[in-house]
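With the hints as your guide, set chain B onto chain A.
Given next are the chains, with one letter for each unit.
Protein chains: 2
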Amino acid sequence: MKQDWKPGTMIYPLPALLVSCGSTEEEYNIITVAWAGTICTNPAMCYISVRPERHSYPILKRNMEFVINLTTKSMAFATDWCGVRSGKDYNKFEEMKLTPGKAKIVSAPIIEESPLCIECRVKEIISLGSHDMFIADVVNVKADDKYLNAETGKFELSEANPLVYVHGGYFELGPKIGKFGWSVEKNRSQTKEKS
Amino acid sequence: MKQDWKPGTMIYPLPALLVSCGSTEEEYNIITVAWAGTICTNPAMCYISVRPERHSYPILKRNMEFVINLTTKSMAFATDWCGVRSGKDYNKFEEMKLTPGKAKIVSAPIIEESPLCIECRVKEIISLGSHDMFIADVVNVKADDKYLNAETGKFELSEANPLVYVHGGYFELGPKIGKFGWSVEKNRSQTKEKS
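Protein chains in written order, with my numbering: chain A, 1 to 195; chain B, 1 to 195.
No lab work stands behind these hints, which were simulated from the structure alone. Don't take every hint at face value.
Since the list gives no way to pick out one identical chain from another, each pair is judged satisfied if it fits inside one copy or across any two copies.
To be verified - With a straight-line Cα cutoff of 30 angstroms, these simulated DSSO-like cross-link-like pairs (lysine-lysine) come out:
#: 1; residue 1: 123; residue 2: 61
#: 2; residue 1: 6; residue 2: 104
#: 3; residue 1: 123; residue 2: 102
#: 4; residue 1: 146; residue 2: 176
#: 5; residue 1: 6; residue 2: 154
#: 6; residue 1: 104; residue 2: 73
#: 7; residue 1: 123; residue 2: 2
Okay, chain A solo, but in the shape it has when bound (with noise of 0.2 angstroms):
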């Protein structure tokens, strides 16, 4: 039986990913992030959503870049802190022990501890309440070779225990189901059995 809600924010799960931003070191700070995705493939696209009142804010309006920095189960609790502390209190990287690193085409830094680093530079801006959307290109992405497989070249994101964000809660990744077109697969009843 289905109860009906007023209009609320209930799309999980989700990344809790790390956004870094500056382009000094007096400048760096993480934001915490949700509200984030993929919006176009090609030319690769993506938007953070960000509240104007947080002190990122004002540097990433100032910058127009930040990196997205993938986040683990050993990355978790300075995850939450990052949400939870604001950057006009705390030095976010010394306070964690996070390296900021040199990301390849932004000012911004990246994370060196996160697994995958996005480096984004943006597009535009749209107000639309509570938070502003930050449209960007995406414009390099650097990747820890530690969970390249080294036989098929893929990278394993799964085995760096990437942290699920579900309402409130933070996760860990459970056991795979199968992969992306398993069941049009013609031995699918193998990979079906797993799940």
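What follows is chain B alone, placed relative to chain A:
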């Protein structure tokens, strides 16, 4: 050691969502979407990105309404199948034994098997390249009371076994690590030990 990759779409984990559309039974269709997310909390707004060549695209554009249906482990096969088959060739509701139900506000059907259905009305369509982004207001949410915690009144989405999509693979949700804000709670050591 980090490798530089060409710009690509690597924000994960994401939900694999079933988007239902159409205002008449003949028109009803389902499209699997991972390029989707929340863009604003107040008002509640979200987006889906869809390729113009998809069968659902003109249906979405004509009606300017759709429903985002969250998926679960038990819906994994249907979710994958609806992502690789076309509504040109199949009645997806019938083929996957999914039940179209009545939404409260929009004319598009909900999928009864989904634990949570988000009714959306399109405000704007932005052409980006391979995908068009449909920016929408959330106008109602239908939630299955099976997942309401009788004591707290909270909707326990994690107990619905939500489907997690990571870089081409479908996964179950794993164990809980913590809840939003646990890093600054006084008794955080207890929660922290779970991780």
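Within, between, both or neither, where residue 123 and residue 102 count as close if Cα-Cα is 30 angstroms or less:
Close inside one copy (22 angstroms), not across copies (39 angstroms); limit 30 angstroms.
One pair to classify: residue 104 and residue 73, alpha carbons no more than 30 angstroms apart. Within, between, both, or neither?
For residue 104 and residue 73, only the intra-copy Cα distance (26 angstroms) is at most 30 angstroms; the inter-copy one is 39 angstroms.
Classify it for me, residue 6 with residue 154: is the Cα-Cα distance of at most 30 angstroms met within a copy, between copies, both or neither?
between (43 angstroms within a copy, 14 angstroms between copies)
Between the shortest in-copy and the shortest cross-copy C-alpha distance, which are at most 30 angstroms for residue 6 and residue 104: within, between, both, or neither?
Between copies only: 11 angstroms across chains, 44 angstroms inside a chain, cut-off 30 angstroms.
Reference check for the pair residue 123 and residue 61, CA-CA at most 30 angstroms: within, between, both, or neither?
Answer is both: 11 angstroms inside a copy and 25 angstroms across each meet the 30 angstroms cutoff.
Same-copy or cross-copy closeness of residue 123 to residue 2 [CA-CA at most 30 angstroms]
between (40 angstroms within a copy, 26 angstroms between copies)
Checking residue 146 and residue 176: alpha-carbon separation at most 30 angstroms within a copy, between copies, both or neither?
Classified as both; 20 angstroms inside a copy, 25 angstroms across copies.
In this structure, none of the earlier numbered hints is contradicted; all agree with it.
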